[in-house]
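Enquirer: Chain residues, written in single-letter form:
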Amino acid sequence: MALPERQTDIGPPHYEQFLPPVIKKNYAKWKYHEVLDPGTMVHVAESGDEIYTVRVASPRILATETIYEICDLADKYCDGYLRFTSRNNIEFLISDKSKIDPLKKELKDRKYTVGGIGPRISNVVHTQGWVHCHSACTDASGLVKAMMDELYEYFTEKELPNKVRLAVACCVNMCGAVHCSDIALVALHTKIPVVDNDKVGKMCEIPTVVGSCPTTAIRPNPKEKSITINYDKCMYCGNCFTVCPPISIKDAERDGVAIVVGGKICSLRSDPKFSKLAIPFFYNEPPRWPKIVAAVKNILDVYARNARKHERVGEWIERVGWEEFFKLTGIEFTHQHIDDFTFMRDTLRTSAAFKWA
Amino acid sequence: MALPERQTDIGPPHYEQFLPPVIKKNYAKWKYHEVLDPGTMVHVAESGDEIYTVRVASPRILATETIYEICDLADKYCDGYLRFTSRNNIEFLISDKSKIDPLKKELKDRKYTVGGIGPRISNVVHTQGWVHCHSACTDASGLVKAMMDELYEYFTEKELPNKVRLAVACCVNMCGAVHCSDIALVALHTKIPVVDNDKVGKMCEIPTVVGSCPTTAIRPNPKEKSITINYDKCMYCGNCFTVCPPISIKDAERDGVAIVVGGKICSLRSDPKFSKLAIPFFYNEPPRWPKIVAAVKNILDVYARNARKHERVGEWIERVGWEEFFKLTGIEFTHQHIDDFTFMRDTLRTSAAFKWA
Amino acid sequence: MSLKHKTPMLDELEKGPWPSFVTEMKKAAKKSPMAEDGLGQLEKSYQTKLGYWKHGGIVGVLGYGGGVIGRYSDLPEEFPEVAHFHTIRINQPSGWYYTTKALREICEIWDRYGSGLTNMHGSTGDLVLLGTNTESLEPLFAEYSSRGWDLGGSGSCLRTPSCCLGQSRCEWANYDTMDVIYNLTQEYQDELHRPAFAYKFKIKAAGCACDCVASIARSDCAIIGTWKGDILIDQAEVKKYADGGMNIQDEIVGMCPTECVSYDGKELKINNPQCNRCMHCIAKMTRALRPSGERGATICIGSKAPIVVGSLLSWVVVPFIKVEAPYTELKELIARIIEWWDDNAKPRERIGELIEVKGMRPFLEAIGVPPQPQQVKEPRKDPFIFFKDEDFEKIYTKDKY
Amino acid sequence: MSLKHKTPMLDELEKGPWPSFVTEMKKAAKKSPMAEDGLGQLEKSYQTKLGYWKHGGIVGVLGYGGGVIGRYSDLPEEFPEVAHFHTIRINQPSGWYYTTKALREICEIWDRYGSGLTNMHGSTGDLVLLGTNTESLEPLFAEYSSRGWDLGGSGSCLRTPSCCLGQSRCEWANYDTMDVIYNLTQEYQDELHRPAFAYKFKIKAAGCACDCVASIARSDCAIIGTWKGDILIDQAEVKKYADGGMNIQDEIVGMCPTECVSYDGKELKINNPQCNRCMHCIAKMTRALRPSGERGATICIGSKAPIVVGSLLSWVVVPFIKVEAPYTELKELIARIIEWWDDNAKPRERIGELIEVKGMRPFLEAIGVPPQPQQVKEPRKDPFIFFKDEDFEKIYTKDKY
Ligand code: SRM
Ligand code: SRM
Ligand code: SRM
Ligand code: SRM
Ligand code: SF4
Ligand code: SF4
Ligand code: SF4
Ligand code: SF4
Ligand code: SF4
Ligand code: SF4
Ligand code: SF4
Ligand code: SF4
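Protein chains in written order, with the numbering used here: chain Y, 991 to 1347; chain P, 991 to 1347; chain E, 126 to 526; chain D, 126 to 526.
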């Protein structure tokens, strides 16, 4: 079959063609919304028109087969309109109120998971992991699945004090927004890279490699026409490996996962916050990483029990203090928790006032 | 006259010999205190014993003649006991209540200034200035005198929302605790140093000089056996001058004074805070620096009018926001206010929530 | 049809109620040998706790420098079908809205040339097609582009811009995020497809301070909607919230960061000049409160992931800018921002890192924005102040400070 | 007697109500030609807006390396009497308590050999004698030391330690600041008088979180009193404050940073386990509230002035330590702190700067203090975490995290 003629630089299709008529009509004229249940909300326009949204969980990796099925549902109940959210959920956009319940019923029958709206957990922003990335220290999709099986009811039903945003990044490049999440996992290397001197000399520019290291752990090794890494200074960020592939940093037994908590993105109430280290290291335990899942669950439960309504995880911790966070969660405080990098000044305590815990 | 025999490493005299008997008796057994008026307070011991303190302002530079006079007063009213405070005031320690009023009367007659206790201004922590330091960009004592003449009633009478700690440093070495004061002056150079190439080569170690510059503005100048300073990188800290005298940084027309505000030391209510830049530069205008004095007065007045009871300057500003501070004081916000040094990350705004002002 | 590889570990991840990516991979594997070997290699990773992908490699389509992430297996003998396993980034439509017709078309093409696996969506926003070989790239591009779909960004270029759904369904959007992103994407086609920058540059647009697209944390240039004007109060609706069980004192008054809301049990009051527009009260009482007055956006610059000196959040650079079609002011501003960065950055230096190196002043001066207190949480804490000669003439000779 | 130099500018500073340093200088000038020329040179500085002191110079007394700041005039011809104008730092007594007898003695000696000008006191705490010449140094030292006064520190040494008046007159002191400082000063005589450190090291002791000696901002090692136990409440006294017009709700409850005080108009309650011991409530209601239980101190390390990378405040290193005579535990701790610093610091590197370079871990390990949440405002924000092999054995193999 002959290929059609290619075009270049046309950009994405105009969004308008994908908008349901009720949205086109009431564009920029919405008045309010209401969350009807954990998976359903309605937006009401100045005109009185309404659009209903039913949100469905997605594993983000979708086979085309599943997308066809979703399309079938959208055709049947939504006049062929749907969207995805910034956290990779699927949203069915319903103009005809009477179709909500039938849609939900069919979704249930087909084992889709409805939920994620309002003060609860939504989908987990995550990354490629072993599925596709050369840089991964773990598998993101597997961690998400294991975690969400355990936290399932917080997506489908249970309320929390506020939204809790989870994320997983499979290396410190952090494609997955882990740096500002309520609770997140970030995978780490914890061993200094192994240098293949022969190849480094041939494949990489030594000054670039030396310059890539944020802690100046790398020195040229003129004898070998390669580089050497200072054991005491390397903190395994992998940046040298990114710029020079023969520097190998993967290690089956010492790649693992840290848990960070207390980040946030919106400016409501308090400024956006970075996530902070809660637990420095877990070994990879595929396929279900049970210790990590239990630790996340524990943190979430402690938050749910202790935070005030509308308080995000980070807001709650800042109110009670990190001393209290470690006490309440039973997490051990280690040398790893004390910043020795760029935020050190910012994070060391400079006050005689603190809690004993 | 033959000299007495010198001793070494004897350390300071034991404090006990200088304590009034009532203090010795009630040492570590004080129960409470009360501020009776801006210059007088009483401390009451568990035993019921009392010690009265009358606080008197000092210019810190004291001629022995004045000290003799103070001693005469202390002999007359305090059984020969007195002390100085950490902010360089003189404290008369009175065990006999009936002597308070006569002491105060005599102090008044002799033109001493009584005050500084409680929620008001106390003495100004300051440094040597032109009186004694080679590094000075201004005269600290003169600034203090000019400022305190204007703020006098805040020492002797008027209440403020809380203590307001003033300080003056005559260069960025900041011997005067300016970095954590409610309102403070710090003197600055604002021109890059002039290098005496001949002398630098002879008197200084070039690598030390190069290394002394925090912004890497200094490069070796092998041709001249000296150094060169990069105009664009130098921010006039004077550190090169400290390690190498032939680098001269004083400049009569461009040495001046900045005002910083909002610092605090104690941990009450909020963490200790650094002072932040309020006004980046004033020319030196001896003997009375009228613009600086007016600017300090303005900030103090705005604080006095707007802060809540017990709020320190920095606490008030943090509550209302710096946008509001600049609006209320009418101070212009300039490029100089935006940190471009080590605290940059810490101070740039990372939130969509702020006030228009 | 049974699959080529045994996957006992991955099978564990088909259990449990949350939708399983393994199930998705198996679905695809039934139709695609690529997906089948992808699954096999993944199982091996689960067994050994190691990834088996090589370190990139440059592949692409003619005339473009990005849009495809080259990926090769380390174990091409064991998993020949994923010897190549490139991903394709398709520039998503604003707000991730689709019709089923469009989605089906995308899938049908993908089934013909690729693994049948997708990411809906990538974390920059693209519609990611997961796994194909080098030969299929040109045909795929011909098929997609002829139907109106173009590639997204990868490499040192303008990355695919993205936005929250904004005015399409949200009552709080202060400007038309979807239209702005559509327009900017069209404007920057060349910069998006032909990496010529020092490093990546990301733009994200959120309609309000809720920032539902994480712009302040994940884009070099965040456009965040805001307003200048009072919050209008519908007291009848306030009463309904109170009657409905809301504890207005604790949930609204007590949580307003500027202490500017008060409530006497009857009437809600807002001290508008003190409000910092954080959106909390509006978000939690959407029927009762709404912004009024002039609408526009705050531009924040510089956020990025932690490599290599710790994460950055974006910094407020332009507190307020009007955002109205044809977006001339906004486009000119962004052009100046990118130009300054591109002129000054070293390779692999993001704009936030560059500003850290140079300081805000040269940046603000280059883009023509004056210093304003809104740009800082607090003024500088050290006395190491840089002056230019002209500052003395301009500012410090005035009688006033 | 009229003075040698006209001082029209300085004369302006004799006006006004605040005590005038010019008047002091004139008083001294009448007796001392040194003070007279000092005044003259100062007037010249006021006229020209420039200082006229040379860049230091090393002078001192036999066997000591510090305690005297050498100072020479740039204009020795114009002001010959201040060709030398050194200052002498006399180690003040703890708490700056004096008898008139002691003070007079100090002054009499000073009148004989020096300018008659003093600083009561210097900002490190010393009694500073302002201006003498090189020949007078040995006689001065003989006179002072024979009468029980020793020199304070200058140069790269342990600087003169200082303290708030503590238990001598203050109800809040959690330990005996004056005794601790006396003991430490005696312990470290050699380190104080013979600069052998990399740079200066300052110790300051405050009896409570009011920190009346600015230890957390101005000393490398701050000893700040604290307690472990409840705040005791005398409700009758609370009532008196209320009756006296205190708005307990606004002034106490509303200002407690941990929200652990409550007041129902009758009874004040404190949720003690949540209290961070900030001292606010106690300070503002001293008759009603007082700490109880175990007393001791928090050790904070590292503060300094801004040169060269911005000021530091001291960091909590040891949240709680007992401080009881003979202070063995405290002394050993300080010895380990100074030893680690001295072993590792480059010239002119303060301990705070060194910790920034090395990280907290090597420091804490060297001084034998475990990591504790009290040491941080918040845990690290980046994922660049350093591990030692033994960490994996010790911590991460446990079933519990
Ligand atoms: C596919 C995607 C993850 C995903 O599963 O969604 C992704 C995947 C990769 N990212 Fe990313 N990044 C993706 C979004 C992000 C984000 C999030 C965002 O854009 O909102 C970030 C954090 C924000 C930021 O830009 O800082 C991100 C920060 C990085 C970094 C660190 C960049 C930095 O300046 O710190 C790298 C490293 C690099 O560029 O060398 C990186 C590099 C990579 C590479 C290309 C790995 C590499 O070193 O070559 C990954 C290819 C994976 C693969 O084989 O498919 N990726 N990357 C996301 C893009 C999909 C899309 O186009 O929609
Ligand atoms: C659909 C979506 C935008 C899109 O274009 O895709 C969206 C939609 C809405 N957001 Fe959002 N938000 C969406 C991602 C986000 C994000 C980004 C993220 O999570 O990565 C944030 C920032 C999170 C953070 O701060 O870390 C976000 C923070 C908010 C907030 C602030 C919550 C808070 O109080 O801290 C609100 C206001 C609220 O919930 O009261 C909000 C409110 C809303 C409202 C109610 C706005 C409206 O009136 O329509 C929408 C439904 C809320 C809900 O799901 O409960 N949305 N929202 C995104 C749905 C993601 C998902 O599938 O769950
Ligand atoms: C006399 C005194 C100021 C005063 O008027 O009170 C003083 C005076 C000098 N200080 Fe200081 N410092 C004095 C307390 C301080 C303090 C405050 C404190 O100790 O609480 C500080 C800030 C705290 C700190 O240590 O960081 C201080 C931080 C400095 C610095 C900056 C050190 C740093 O690490 O950043 C220098 C520069 C240097 O050491 O080269 C300095 C250097 C100097 C020199 C020696 C100037 C020099 O470069 O050689 C000054 C001699 C002035 C003179 O000619 O008399 N002085 N210096 C104070 C000592 C009196 C005393 O012994 O009681
Ligand atoms: C005498 C002195 C200690 C000494 O050994 O010399 C002292 C003595 C007292 N201080 Fe202080 N403080 C002294 C310097 C300080 C300093 C250090 C400084 O200013 O450099 C501070 C830290 C200032 C800061 O935070 O920036 C200080 C912060 C306090 C506070 C906390 C104030 C607040 O709420 O922020 C209190 C409590 C209070 O005032 O309620 C306090 C309370 C007290 C009490 C009431 C303690 C007591 O029960 O005896 C004493 C009388 C207070 C008064 O003057 O109003 N003292 N006090 C110092 C007098 C200096 C002077 O002449 O003015
Ligand atoms: S976070 Fe790291 S491993 Fe994961 S997709 Fe991004 S670059 Fe790859
Ligand atoms: S992994 Fe990071 S810290 Fe270690 S040598 Fe490589 S670049 Fe440096
Ligand atoms: S602040 Fe500077 S000028 Fe003033 S005494 Fe200290 S070193 Fe000298
Ligand atoms: S004054 Fe400071 S910034 Fe300028 S050259 Fe000297 S050391 Fe560097
Ligand atoms: S960012 Fe604001 S405007 Fe955009 S969807 Fe979220 S709440 Fe609505
Ligand atoms: S938007 Fe935020 S700051 Fe403004 S009134 Fe509402 S809660 Fe307060
Ligand atoms: S620091 Fe505390 S103990 Fe010492 S004088 Fe001040 S209030 Fe009293
Ligand atoms: S000491 Fe501070 S934290 Fe503790 S109860 Fe009093 S005000 Fe609250």
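Check before you lean on any hint, since a few could be wrong.
Quick list of in silico lysine-lysine cross-link-like pairs, DSS-like style, CA-CA up to 25 Å [as the list claims (entries may be wrong)]:
id, chain 1, residue 1, chain 2, residue 2
1, E, 365, Y, 1021
2, P, 1299, D, 364
3, D, 394, D, 364
4, D, 364, P, 1014
5, Y, 1094, E, 152
6, Y, 1299, E, 519
7, P, 1019, D, 409
8, Y, 1192, E, 152
9, E, 140, Y, 1095
10, P, 1189, D, 179
Everything labelled a hint here was simulated from the structure, so no lab data went into it.
Enquirer: State for each hint whether it applies.
Expert: Each hint tested on the structure:
1. Under the criterion of a C-alpha separation no larger than 25 Å, the hint pairing residue 365/E with residue 1021/Y is consistent with the structure, at around 16 Å.
2. Between residue 1299/P and residue 364/D, the direct Cα distance comes to roughly 20 Å. Compliance with the 25 Å bound is thereby established for this hinted pair.
3. Between residue 394/D and residue 364/D the CA atoms are separated by roughly 13 Å; this keeps the pair inside 25 Å, and the hint holds.
4. A C-alpha spacing of about 32 Å is found between residue 364/D and residue 1014/P, which places the hinted pair above 25 Å, so the restraint is violated.
5. Note on residue 1094/Y and residue 152/E: the hinted pairing holds, with a Cα-Cα distance of about 23 Å set against a maximum of 25 Å.
6. For the proposed pair residue 1299/Y and residue 519/E, the alpha carbon gap of about 51 Å is over 25 Å, so the pair is violated.
7. Using a Cα cut-off of 25 Å, the hinted pair residue 1019/P and residue 409/D holds, with the two alpha carbons roughly 19 Å apart.
8. At roughly 43 Å between alpha-carbon atoms, residue 1192/Y and residue 152/E are farther apart than 25 Å, so this suggested pair is violated.
9. A distance of roughly 22 Å separates the Cα atoms of residue 140/E and residue 1095/Y; the hinted pair therefore holds under the 25 Å criterion.
10. Our distance criterion of 25 Å between C-alpha atoms is met by residue 1189/P and residue 179/D, whose separation comes to about 15 Å.
Violation of the numbered hints given earlier is confined to hints 4, 6, 8; the remaining hints are satisfied by the structure.
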